[in-house]
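Starting from the known structure of chain L, fit chains D and A onto it as the hints suggest.
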Amino acid sequence: MTKITLGLVARTPGASKRNKTGGWRTLRPVIDETKCKKCWLCVIYCPDSAMKKGKKSSMPDYDYCKGCGICAKECPSKCITMVEEAR
Amino acid sequence: MVEDSSGKDEVEQKELFASGHRGCAGCGEMNGVRQVLAAAGPNTIVANATGCLEVATTSWPETSWEVPWIHAAFENAAAVASGIDAALTQMKKRQGINLFAFAGDGGTFDIGFQAISGMLERQQKVIFVVYDNEAYMNTGIQRCSSTPYGASTTTCPSGTCSVGEQHAKKPMAMIVAAHGIKYTATATIGYHADLKRKVKRACELEGPCFLHVLAPCPTGWRHDSADTIALSRLAVDTGMFILWELEGHNLKDIKLSRKPKERKPVIEYLKAQGRFRHLMNRPDEQAKIQKQIDEQCAQFGF
Amino acid sequence: MMQIMRGNEATALAAKLCRPNVIPAYPITPSTMFPERISEYVADGELDAYFLLAESEHSAMSAAIGASATGARVCTATASQGLALMHEMLFIAAGMRLPIVMAVGNRALSAPINIWCDHQDSISERDAGWIHFYAENNQECIDFMIMAFKVGEDKRVYLPALVGLDAFVLTHTMEPVDVPEQEKVDRFLPNYEPHCILDPKNPMTIGALGTPEYYMETRYALQKALMDSSAVIDEAFLQFGEAFGRTYQRVASYKTADAETVIISMGSMTGTARVAVDRMRAAGKKVGLIKISVLRPFPHKELKAAIGNAKTVAVAERAISLGYGGPIYAELAGHFVNDAKRPFLTSFVLGLGGRDILPEHFEEIVAKSEKALAAGKMEEMPGWPGLNREVL
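Quick mapping for you: the protein sequence lines, in order, are chains L, D and A. Heads up, the first sequence is in my numbering, so the first residue is 1 and it goes up one at a time. Heads up, the second sequence is in my numbering, so the first residue is 1001 and it goes up one at a time. Heads up, the third sequence is in my numbering, so the first residue is 2001 and it goes up one at a time.
Listed next, the in silico DSS-like pairs over lysine-lysine satisfying Cα-Cα at most 25 Å (straight line): (1) A/Lys-2201 with D/Lys-1196; (2) D/Lys-1200 with L/Lys-53; (3) D/Lys-1196 with L/Lys-73; (4) L/Lys-52 with D/Lys-1014.
Worth flagging that the hints you see were computed from the coordinates, not collected in a lab. Since this is a predicted model, take the numbers as computed values, not measurements.
In isolation and in its complexed conformation, chain L is listed as follows (with noise of 0.2 Å):
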C-alpha cells in the first residue's frame, strides 16, 4: 500500500493507470485495418482515452478499454466490430 502524502494531495498525475479497466468489458472493439481511414473519430469519442492513433489504423488499447461500443457505433467507415470477449 501506498504511503499517505499531507492532505492527501495525489502528486503522480495520471496514476489511474494503475487500474487496468479492461477486465470491466464484455464485448471488445475490432479494427478492420483495410477500412480504416484513420479520422480518428473513435479516438476523439471515447470516454477512456483507450483508442490510439496508430500508423495503419486507430489501435484499441486493451488494458483499458471498457468495451463501450461508442467507437463501433460512431465509425464512419464501419470498420469496427463489437466481439464478445473471449472467455
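For chains D and A alone, kept in the frame of chain L given last:
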C-alpha cells in the same frame, strides 16, 4: 503495446486525462472532459465540484488528471476557482493559464447556483463548464432543476399519479447570459468540432465564460452505452437541446450554432431512453413535450 | 509604536503587516470592520493584495482554499452565522493542510439571533482541525494574528489558524496597542512555502477521494500535526518575545502558586476575572486565575501544571454544548479522570449572547465551587452566574 504514431499531420497532443478512471462504460461526462482538455491544452488548472467526475477520477492515489486539479466541495467550484484566479493574478502568474471550474448539473443548476452567480458578477477569469446529465447521477439518479419535463428519476419517479419530472428544465445558460459575461455557449459531446471551437473561444476570452455541455449518461438515462455520442446529437437534432453562443451581454447577439434542416420529432429522442419509457403509452404527454420544444425552437427561429 | 485602536482594526492591521496575497471576505457583525478596513488599505495603495468580496462566507472560505492551494498567503475574518456557514469548508481547509488565517469576532449563534459576545461560534468548530487562539485584549489581537501566520505556515504544522476576539468588547472597543514594525514582522514571518500547489508545470491532484484504506491514517496524521503544533507555538511565542518584547504562553497563570481554588477563563472576561481574583485575595481567599490563550491544540499538560495542587478548579466558559454542559470543562475533566490525584472540577456557563460579565459573577463561581467541594457535587451543573431567573 500500442503504437504511438499518426498518419495525419496533426500535432500529437499529450493526453491530459488518463485511462483507468472508474467512469461507467460509455460515460458522456468523461468523454466531455477529454474533449475540453484536448481543446484547452496543458496550460490549464481545474477546480472540480463533487460528483461523478470527481469521485471516479481521484480515488487516492489513483488520479486520472494530468493537469493541476482541486476539489473542495459540492456547491463551490466557482468560488474555489475565484480564489485560484485571485491568487494567480496577485502573484503575477495568471498569463496564459486556462482556469476552469468543472461541475455536474447538480453543482451548477442547484447547489452550485449562488457561487456561480457570484463568480460571474465579479467578472472573474474563470471558464465554468457544466457537464449536464440532467440529474444527480453520482448519488444514484435524483432529480435536479436540470431534469427535463417527463423524465423519471429516483426522486421524481413515474407512477400511476406521476409523469415523472413535473417542471421544465431551468434555463441555466440564459440565466448566466443575463449576467453579462464574456462568453456563454451551449454545446454537446456529439458535435465535437462545435465543442472544440467553443472551448478555444472561451480560452481566448479568458472569462468569465460559461459552457453548458450536454453529456448523456447511459446509467441514468437508461440507454445502451454505445449510444452516448449519437444521443447527444439527437438531442440537438430534435430541438430538445439548442446549440447557441453569445459574446457579451446583449441577448440580441445570440447566435445559433446549428439549425437542423428538419427537426426530428421528439419521440425519436424519448423512445431511445429508458427514463422516458413510461411516456410511450402517453401520446398526450408526448404532444405536450413536442409543443414545449416547438415553442423553445421558435424563440431561436427554427 | 503605540496607537489607540479597536480589535477589528488590530486584526486588519495585523493582516496588512503579514503581507497576504489574497483576502476573500464577507461582512458580518461584529467583524465587518475587517473587510472594510482591508478595502481602505487596498484602495489607498497601502496593501498590495487581491481583495475578493465573496457573495457569502461559504464562498469566502472556498475562495480562500482555492487561493491557498495556488500558493498564496490568505486570510479572512468572520463571526457567528458566517463561521457556521463555513462549517464544512473549515474541515476541508484543515484536511487539505492549508494555513489560512481567520479572525473570528466571537459572537453568539442563532436562534435567537444575537449579535453580541460569546464563544459559541468558534467553540462549535473546535473539532475541525484548526489552531485556536483567543485574545484577551487588542494587543493580543494583533500579536496572535501574526503568530497564526507564523505557526500555521510552519513546515511542521501546515494547518489553518483562527484568532477569536470578543464581539464588541474587543472588536469595537478602543485600547492602546503597540503596533509591530513592518521590518520586524517581515523578519519574523518568512515567505509562505506551500506543500502543494496548483501549477501547470507540476500537476497535482488536491482534494482526492480518501477511501477507507487511507482516510483514517490521513486523519491520524492531521491530529498528530495539530497536537505537535503546541511545541511549534511555544517556540514561536519565544521568538515573538525576542522580536517584539511580549512573550505569551498558551496557558497563563495569575496568583495560582498557593491557590486553593483556581478559575479557568478565556477571552476578554479574563480581565474581569483578574479584578475579581484581586478582590477575593484582598479578602483573604486563596484564589487564582488561569487563562487559556490557545484552546486548540488542547493544552492539557499546561493546564495541569498551572492547576498544580489547587483543590478546586472552576471552569468558566462563554459557551455551552447543548445537551451536555461546558465544553472546555468536559475536555479538561477527560484529562483528569484517570489521575489518582485530581482536583474537584466545577462548571459554569456565563456571559452568553453579550450578557455583561461582572466581578461578582466570579465571586459567585468561587463561592459555589467551594460549596460544591464540601458537598461532593454541584447543586446545578453547570452553574449559570448572572442568569435572570425572574424572566424564566
